Each structure stands twice: as C-alpha cells, then as structure tokens.
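**Q** Using the working numbering, you'd call the opening residue of the sequence shown number 1 and step up by one each time.
Note that these hints are calculated values from the structure, not bench results.
Remember, it's a predicted structure, so these values are computed and weren't measured experimentally.
Don't take every hint at face value.
In silico EDC-like pairs for lysine to aspartate or glutamate, Cα to Cα no more than 20 Å straight-line [claimed, not checked]: (1) 72 - 118; (2) 72 - 126; (3) 208 - 180.
Simulated restraints, written as ranges between beta carbons of each label pair [stated by the list, open to error]: (4) 83 - 212: 46 to 54 Å; (5) 63 - 195: 39 to 47 Å; (6) 139 - 204: 13 to 21 Å; (7) 86 - 189: 38 to 46 Å; (8) 155 - 189: 14 to 22 Å; (9) 199 - 146: 22 to 30 Å; (10) 84 - 204: 18 to 26 Å; (11) 191 - 59: 29 to 37 Å; (12) 52 - 119: 39 to 47 Å; (13) 150 - 53: 22 to 30 Å; (14) 216 - 155: 34 to 42 Å; (15) 118 - 213: 32 to 40 Å; (16) 154 - 208: 24 to 32 Å.
C-beta: ideal position from N, C-alpha, C; glycine also.
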Amino acid sequence: MRGGSEYVSCTYLARTALARNRHERYRDTKEVTGTGVRPALGYTDLMSDFDEPVDHLAMQAESALEAGELEKAGLLYAEVARRRPERAEAHLGLARIALQQGRPAAALEALPNALRADPQLLPAYELLALLGRHGGVGDMAIEWLEFGARQLPREPRLFAWLVHLYASEGRTEDLTMCLDHFGRLSGLTRGRAAILFTRDAALPEDLKSRIAIAAGF
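Start from the sequences, fold in the hints, and give me the full structure.
**A** Below you can see the structure in the form of structure tokens.
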C-alpha cells in the first residue's frame with residue numbers, strides 16, 4: 001500500500017505549477033466587458049476560492065468536475081485534502097480527475113487515501129477494481145478489496161469485483177471461496193453464481209473459463 005507522503009507530493013506539485021503559471025494565467029484570461037478589461041476565471045479567482053470554508057470548496061470542486069473543468073476541480077479538491085485530509089471525497093475526486101486525464105498512477109496514489117479516510121467508500125473500491133483488472137496492479141487492488149471485504153462483509157458488489165480480480169490473477173482457491181460468499185449474499189449456489197459471471201458479455205473468455213473451473217464445472 002502506498003503511504004500518504006506520495007499524495008502530499010502530488011498536491012504540492014499541483015499547487016507549485018499553479019504558482020509558476022500565475023502571470024500567464026492572468027495575462028491569457030483577460031476579457032473585455034462594458035466597464036473595461038478585467039481578468040476572467042484564473043489564478044486570482046481560484047486563490048480567492050481558497051478563502052472559502054472547506055464545505056463550500058468541496059461543493060465547488062464537485063460542480064467543476066461535473067462541468068468538465070478538471071484543472072479547477074483538481075485544485076479545489078487538493079485544497080480540501082490539504083486542509084482536511086480526513087475528507088474522503090476530496091481524495092476520491094482527485095482519483096476520478098486523474099483517471100479522466102489518463103494518469104492512473106496518480107489515481108493509485110489518491111484512492112488509498114480515500115479509503116484510509118472512509119474504509120466503507122464503495123466507489124473507491126470500484127475504481128481500484130477497474131485499475132486492478134486493466135492497469136496491471138492486480139495484487140494491490142486485491143489487497144485493498146480484501147481490506148474492504150472486512151469492512152463491508154455483506155456487500156455483494158465488492159465480492160463480485162473480487163471474483164473478477166481473483167480470476168484475472170489466477171487465484172483459483174480464493175476465487176472458489178469468493179464465489180461461495182458471493183452466492184450466499186445473493187441467494188445462489190456456487191454454480192449458479194459462476195453462471196451469472198460467465199454470462200457477462202463484457203467478461204473475457206479466459207476469465208469466464210477460470211470462474212467455471214473454480215466453481216467445479
């Protein structure tokens with residue numbers, strides 16, 4: 001698992017980059033209005049945002065993310081995380097932004113911080129499961145989802161993601177036990193649980209085969 005120091009470095013770099021581009025932002029974002037020339041949204045506006053209460057910053061960050069303003073959202077979430085590292089939604093927001101920007105390594109730094117702040121944050125486990133299957137970090141994802149399984153032992157979605165990860169990593173014994181537990185949560189036998197997964201059109205054939213073998217077919 002990654003420590004918090006790497007995440008702080010990521011936040012520091014983001015803020016340093018903002019300061020480095022201060023004059024460029026101010027110069028390049030001027031607009032003409034009826035009363036003369038004034039700066040549009042840029043460095044000055046964002047820094048004034050940082051004077052707001054943390055709850056307001058978090059709301060602004062979410063709104064900016066929903067609007068596709070990734071840079072602004074990232075700066076606001078980073079400020080929330082700096083002031084209140086126990087705010088899980090700030091770390092999750094940074095991870096979502098990093099993934100949208102094609103920076104999975106940054107997402108992998110932010111997601112563990114989100115789960116340290118809120119061990120029951122299901123969306124963070126979902127993103128880790130996706131990264132585990134498609135980002136070459138299966139072992140790390142499994143470690144965190146097994147941690148999540150202890151926090152949310154009756155959450156079937158968590159165990160469904162673990163089924164995918166165990167199948168991806170070829171961990172047959174763990175996969176069999178996970179199918180059993182998922183089946184109990186869903187009111188299914190191990191075999192019927194396996195059939196549910198093997199009928200998933202989005203699941204690769206090699207994973208379906210491993211699930212079928214783990215179920216005893």
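**Q** Would you mind marking each hint as holding or not holding in the structure?
**A** So, going through the hints one by one against the coordinates:
At most 20 Å may separate the alpha-carbon atoms for a hinted pair to count; residue 72 and residue 118 exceed this at roughly 24 Å. A distance of roughly 24 Å separates the Cα atoms of residue 72 and residue 126; the hinted pair therefore is violated under the 20 Å criterion. A threshold of 20 Å between alpha carbons decides the hint, and for residue 208 with residue 180 the separation of about 16 Å falls inside it, so the pair holds. Here the CB-CB span from residue 83 to residue 212 is close to 50 Å, well matched to the stated 46 to 54 Å.
At roughly 43 Å, the beta carbons of residue 63 and residue 195 sit within the given window of 39 to 47 Å. For the pair residue 139 and residue 204, the beta carbons lie near 19 Å from each other, so the given range of 13 to 21 Å is met. For the hinted restraint 38 to 46 Å between residue 86 and residue 189, the CB-CB distance of approximately 42 Å keeps it satisfied. For the hinted restraint 14 to 22 Å between residue 155 and residue 189, the CB-CB distance of approximately 20 Å keeps it satisfied.
Distance hint check for residue 199 and residue 146: the Cβ-Cβ separation is about 26 Å, which falls inside the suggested range of 22 to 30 Å. Look at residue 84 against residue 204: about 41 Å separates their beta carbons, and that is not inside 18 to 26 Å. Range check, residue 191 to residue 59: Cβ separation about 47 Å, and the 29 to 37 Å hint is violated. At roughly 28 Å, the beta-carbon separation of residue 52 and residue 119 lies outside the given 39 to 47 Å, and the hint is violated.
Range check, residue 150 to residue 53: about 34 Å between beta-carbon atoms, so the 22 to 30 Å window is missed. Remark: the range hint 34 to 42 Å for residue 216 to residue 155 is contradicted by a beta-carbon distance near 25 Å. The supplied range of 32 to 40 Å is met by residue 118 and residue 213, whose beta-carbon atoms lie about 36 Å from each other. A beta carbon spacing of about 26 Å between residue 154 and residue 208 agrees with the range 24 to 32 Å that was offered as a hint.
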